[in-house]
Every structure is written in C-alpha cells, then in structure tokens.
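Under my numbering, the sequence shown has 229 at position 225, and the numbering climbs by one with no breaks.
FYI, nobody ran anything at the bench for these hints, they're computed from the structure.
As the structure is a prediction and not an experimental result, all values here were calculated from the model.
Treat the hints with care, as some may be off.
Stated by the list, open to error - DSS-like, lysine-lysine: derived pairs with alpha carbons at most 25 Å apart:
#1 K255 <-> K57
#2 K91 <-> K201
#3 K210 <-> K89
#4 K91 <-> K209
#5 K210 <-> K177
#6 K91 <-> K177
#7 K209 <-> K177
#8 K63 <-> K255
#9 K177 <-> K201
#10 K89 <-> K201
#11 K177 <-> K89
#12 K63 <-> K249
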Amino acid sequence: MKNKTSATGILLFIVLGVLPFAAAFIYALLYSFGLVGVISSGFTTEFWVSVIKTGSFFKSLGYSAAIAGIAVFLSVVIALWLTLKFKSALENKFILMMVYMPLAIPGLATAFFIIQLLAKGGFLSRISYASRLINESNEFPDLVNDNLALGIILAFLTMIIPFFMLLFLNVYKNERIEDLRILAYSLGATSRQVRNKVVLPILLKKTRVLIALYFIFLLGSYEVPLILGQESPQMISVLVIQELKQYDLDKIPEGYVVAVMYTIIVAIAAVFLFLPRKREQYV
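My request is simple: use the sequences and hints to build the entire structure.
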C-alpha cells in the first residue's frame, strides 16, 4: 500500500510538475533557434549570437546575483542575531505571531509600501521636509529605482528575515542546541567558542540548502524588481518579460534565448545543490 501511494505521488509530480516545465522549456528552446514562432524561418543561431554579443544577459544576471546575494547574506546575519539574542522572547505566542505576519504579505504589497515610505514624495521625504532637513523633495536621496537597488534589497529583507528567524528557531529546537551549549560550557568552552564552534555551524549546515534555494528564488523574483528597480541594468526576470513583450517581433526570440540560458544555469546550480554528500559530523 505504501509503495503504491509513493508511486502515485511520483506520477502526479511528473504529470503536474515535470511535464509542463519540460514542454515550456522545449518550446522556448525551439523558439530561440527560430524553429517555431511567428517569424520562424528555419534553424538559426543569430538570436543566440545577438544576445551573447550585447552582453545584456550576463550584465543582468550579475546584477541579479549581487542583489540576491546581498539580500540573503544580510537576512541570514540579521535573522541569526535576532534568533539567538531573543530566542526566549520568541517563545511568546504573540511575538511569534508578529514574526509570522510579514510572511502573509505579498511581494507586490511590500514593494508598494517601500515606495510610499522611501520615494521622493514618500513618508520619510515628507518628514524630512517638515523637519527642515531638506528644502524640496528632489533633495531627498534616491532610495527606490536607484543604482544601488536599496529599495529592492530592503523589500527582500522585509520579506525573508522573518522566514529565516522561524527556520533557525525550529532548527535550534530540533537539534537540541541548547543542550549542546550547556555541554560545551561544562567542558570549559568560552561563549565565543560555543557560538562559533557549536551554535553557528549547526544552524548554517542544517539550513544551507534552504538558504541556497532562497537565493535562487530571489534571483528570479519579478514583482519587487519591476516596481522598485531601475531601467538599466534590470534583474533577470524583468529583462526576460520585457524582451518577450517587445513590439519588435525579431526581439521576442532573444527573450526566449535569455529565458533558456537562465533556466540552464539555475538547473545546473540545482543539480550541484542536491548532489548526494557524505554525511557530516560535528566535532
């Protein structure tokens, strides 16, 4: 019975998850080589050559990776600090509920909130003007649609810090890290040694796959970069959609080229991420 249920689950996953993705990828691949589509005229590599020559894909990918990497790094550091500093307070149901609340807010709503807060005509700008810190709205620094992507990063932090806090708190309990801390102290370890040799290694090694997956998720995020990002460079998902919606039909295959290249890179990263590893032991 158990084997039958498992087989049914695998079959459903293939039908509902793998096949639609495979069909979409094959269509995009064929479109990128000019084999299908409204301007299809036979096999060609001109669209691939065009994308590679312009370098927009690699620039956008690097920009996206930098933003996602900074956001994930800061989120992990802040969430670790908050979890370890206030782990006792997080046992309170009300406080725990407050941590859960940001997870229910869509990215689109978060992006609009950031605009209302940080734009030149936003809440902080108005407070600065009322406080005589600036004389006009143009003097307020660019914190959204800016070169440094501060608005995007802040929106990402707002969205994922609560998630990592709950993740670390759950691992802390399940791995009985508090007992390990007490044991380490009884053996003469200092607070720094306990933190750096016991607590942080366990938390990070147990959550590294989810951290990597969240990086991939942010790398392909669309709504927040669309609203808070600049025109150039763009995050990779915004670039793909923009290319696919071009009025110039010759540009649409280039959008599929970008989508295929991005998919291949993410797929390779995922394969390496989920490769079997030797069982690790904590010393």
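Evaluation of the provided hints:
1. K255 <-> K57: holds (14 Å)
2. K91 <-> K201: holds (19 Å)
3. K210 <-> K89: Judged against 25 Å, a Cα distance of about 19 Å means the pair holds.
4. K91 <-> K209: holds (19 Å)
5. K210 <-> K177: Given that 25 Å is the threshold and the Cα spacing comes to 12 Å, the pair holds.
6. K91 <-> K177: holds (10 Å)
7. K209 <-> K177: Measuring from Cα to Cα gives roughly 15 Å; hence the hint holds.
8. K63 <-> K255: Distance ~18 Å between K63 and K255 Cα, so the pair holds.
9. K177 <-> K201: holds (18 Å)
10. K89 <-> K201: holds (17 Å)
11. K177 <-> K89: holds (15 Å)
12. K63 <-> K249: This hinted pair holds, its Cα atoms lying about 20 Å apart.
Hint check: no violations occur; every hint is consistent with the structure.
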